[in-house]
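Mind docking chain H on chain A? Use the hints.
Here are the chains, one letter per residue:
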Amino acid sequence: MVRFVARRLVGMITVLFAVSLIVFVVFMVLPKQNPAQSLAGKNATPLLVKSIEEEWGFDESLPQQYLTMMERVFTGELIQYEPRIPVSDRVIEGIPATFSLTIGAAAIWLFFGLLLGYLSAVRAGGWLDRILTGVSIAGISIPVFLLAPVLIYVFANKLEILPNGQYVPFSEDPTEWLKHLILPWITLAVLSIGFYSRVLRSNMLDVMNEDYVRTARAKGLSERQVMTRHVLRNSLIPVITLFGLDFGATIAGTAIITEVIFSIDGIGNYAAEGVGKFELPPIMGVALYGAFFVVLLNTIVDVVYAYLDPRVRLGETASS
Amino acid sequence: MPTEPSAERGPWSLALRRFLRNRLAVAFLGVFLLIVVFVLAAPLWADHVAHTGPNEEHTVEQITVDGEQKDVVTPEGKPIGPQWFGADGKFFLGADSRLGRDEMVRLMYGGRTSLLVGITAALLATILAIVLGLLAGYFRGWVDSLIARTLDTIWSLPVFLIGLSFGIALAVGGLDLGFVELSGGSLWIPILIISIFTVPYIARPIRGEVLALSEKEFVEAAIAQGASPGRVMFTEILPNLASTVIVFFTLMIANSMLFEAGLSFLGAGVQPPNSSWGTMITVGVELLRIQPLLAILPGAMIMLTVLALNIVGDGLRDALDPRGKARMDAALQFEAQAGAGGGAAI
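Heads up: the sequence lines are chains A and H, in that order.
In terms of numbering that gives the first Met the number 0, the first sequence has 48 at position 49, counting the first letter as 1, and numbering is strictly consecutive.
In terms of numbering that gives the first Met the number 0, the second sequence has 317 at position 318, counting the first letter as 1, and numbering is strictly consecutive.
Note that these hints are calculated values from the structure, not bench results.
Where hints are given, some of them may not hold.
[Said to hold, decoys possible] Cross-link-like lysine-lysine pairs, in silico, BS3-like; alpha carbons within 27 Å at most:
id: 1; chain 1: A; residue 1: K31; chain 2: A; residue 2: K41
id: 2; chain 1: A; residue 1: K41; chain 2: A; residue 2: K276
id: 3; chain 1: A; residue 1: K157; chain 2: H; residue 2: K77
id: 4; chain 1: A; residue 1: K31; chain 2: A; residue 2: K276
id: 5; chain 1: A; residue 1: K276; chain 2: A; residue 2: K49
id: 6; chain 1: A; residue 1: K31; chain 2: A; residue 2: K49
id: 7; chain 1: H; residue 1: K215; chain 2: A; residue 2: K157
id: 8; chain 1: A; residue 1: K276; chain 2: H; residue 2: K69
id: 9; chain 1: A; residue 1: K178; chain 2: A; residue 2: K157
[What the hints assert, rightly or not] Label pairs and their computed distance ranges (CB to CB):
id: 10; chain 1: H; residue 1: L176; chain 2: A; residue 2: V153; range: 43 to 49 Å
id: 11; chain 1: A; residue 1: L295; chain 2: H; residue 2: P272; range: 36 to 42 Å
id: 12; chain 1: A; residue 1: A106; chain 2: H; residue 2: L43; range: 23 to 29 Å
id: 13; chain 1: A; residue 1: L66; chain 2: H; residue 2: F37; range: 50 to 56 Å
id: 14; chain 1: H; residue 1: D46; chain 2: A; residue 2: F169; range: 24 to 30 Å
id: 15; chain 1: A; residue 1: E92; chain 2: H; residue 2: G80; range: 50 to 56 Å
id: 16; chain 1: H; residue 1: V36; chain 2: A; residue 2: G56; range: 54 to 60 Å
id: 17; chain 1: A; residue 1: K157; chain 2: H; residue 2: D65; range: 26 to 32 Å
Ideal Cβ placement from N, Cα and C applies to all residues, glycine included.
So that you can see chain A by itself, here it is in the shape it has in the complex (with noise of 0.2 Å):
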């Protein structure tokens, strides 16, 4: 275990500092522009200009700017200029949106998902698994910014029963809250619900076939006791890794998206505000910040997923 904990932080390492790498020669390195300009924005003094050129050393050598970069956007350094703010502060008030978005779609995905690919398993070529399978294809098939308008257009525009979008802090209303973010919810979830659903009725039906479901059987336990005990269980290790990757994936990429139809004030948003306005340092901060919370994400799921699983990391051993 210790050895596949270590394996998978040294992978952690490499991919941080790759994804770091990118960073610094995509903003740095390959575009024309002076990137002390391409900072600054677009309306900038040339006074500006020239202080962010001497801040950052854009005259020092390349793995030098790299440190400088590193150690600016760790140390809260990293700043976007109309108006002065740090961005790491902008992304810390946009936690608790992003967060409250991204963990309550994933709690109705996760849920919504295992029971109709439960419901589907177990009834497998019945109406009712054609019925949910129909719908989780069709759920796949929507992309978020296309359920997104037609949520808002029926139900907060025609219907007016909810609200279109917004972000409300839990602590100033927490029915307000939950109000707010009924459609952006849904808009997240219903593609893994029907993602969910088909991997855990396909998993279901391969461990069907395995010898100790027939034993169980044999030994007179009843189809509910079989069903859960032994084949749901052992379906739902894959689905939880799946989760954990799905999650970290759901922020760095839908999230934003649904977050900026709905005008919810979330890190995403944030960094989509710099895209409109052509502003890099929110995009960068996030596009840095995103990635390393991915990436350790990623890591702690694998790690459990070993822990839980120990097939994984003894098959880690033999194959190195």
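Coordinates of chain H only, in the frame set by chain A:
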């Protein structure tokens, strides 16, 4: 019609027969071809029906609908709704925003960009993946380690977030690679970003297959006859990868189009004056309350195209490789990632 013994038919014609028997896949292939015709007809519609271009503004113009004068954009800034053939095909789907551009013309031209970026990016990623997969699977050793590690690293990146920052950094500053310079608005920027970040989805299964194929007797025989590594890779192994490549290429187009739409929606993909279905949604969302179609139409076009490609891809997979369960699983996993276009990639 008398059925001929299958032994006389090649594997490709058998696969074609199997594909044609799959009605759903054939129907959606038809849908995809219709979409292609739709976007290719853009200049015809623009010149002969709408009499306007995708970026021509009609802010203070009036059109005659059934003998009645109507503002294209009202003084309050509300664009005109769908006119169908009321104005002889002008503003068939209405105007796009307070700029008064023809939505139908923009939908057709935007689709060109979306498909162009999606297909080119998928093509580049596929070519790159074939080369990397062949090198890694054939030479093994350190070449394989290096390529596999690089692919794993890209795989574990939050690609949408990194792609987003690439898109905007390059859109602001342009790209200077020394031998080639691209301006910030070039379509090549989103194409390159998408293809680089989606290479692992196709390179990993190809590498696996090359590893398996290079153990086969016909490869050993070729080597024993003195064939060079290049010859073995490209004339012995490559033809055997054809069915995998075809299936994954189809799915990759869908994935790339979702990636492009996500980037463009946020402003980090296709840059003005070009527009794509993704950028059209950005414009449409602002007018959701008064003209919901403006956001929903381009979104629905993306969904229809992606759905069609995925179903055709599934059909091709079943037709080309009816018993290849391992490969089917790999493709399913791929869809999981691609769904992130939907779920994980974006």
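So, going through the hints one by one against the coordinates:
Pair hint A/K31 plus A/K41 holds up; C-alpha atoms about 15 Å apart against a cutoff of 27 Å. Between A/K41 and A/K276, the direct Cα distance comes to roughly 8 Å. Compliance with the 27 Å bound is thereby established for this hinted pair. Taking the CA atoms of A/K157 and H/K77, the gap is about 18 Å. The hint holds against a cut of 27 Å. For the given pair, A/K31 sits about 19 Å from A/K276 by alpha-carbon distance, which is consistent with the 27 Å threshold.
Only pairs whose Cα atoms come within 27 Å are accepted, and A/K276 paired with A/K49 is accepted, the gap being roughly 21 Å. Among the hinted pairs, A/K31 with A/K49 is consistent with the structure: their alpha-carbon atoms are about 17 Å apart, no more than 27 Å. Distance check on the hinted pair: H/K215 and A/K157 sit about 63 Å apart at the alpha-carbon level, beyond 27 Å; violated. Of the supplied pair hints, the one linking A/K276 and H/K69 is violated, its CA atoms being roughly 35 Å apart against a limit of 27 Å.
With a CA separation close to 16 Å, the supplied pair A/K178 and A/K157 stays within the 27 Å bound. Judged by the Cβ atoms, the range 43 to 49 Å given for H/L176 and A/V153 holds: they are separated by roughly 47 Å. Distance hint for A/L295 and H/P272: a CB-CB separation of about 41 Å, consistent with the stated range 36 to 42 Å. Our hint of 23 to 29 Å for A/A106 and H/L43 is violated, since their Cβ atoms are close to 50 Å apart.
Between A/L66 and H/F37 the C-beta distance comes to about 52 Å, which sits within the given range of 50 to 56 Å. At about 56 Å, the beta-carbon gap between H/D46 and A/F169 misses the expected band of 24 to 30 Å. With their beta carbons about 40 Å apart, A/E92 and H/G80 fall outside the hinted range of 50 to 56 Å. Between H/V36 and A/G56 the CB atoms are about 55 Å apart, so this pair conforms to the stated range of 54 to 60 Å.
Here the CB-CB span from A/K157 to H/D65 is close to 28 Å, well matched to the stated 26 to 32 Å.
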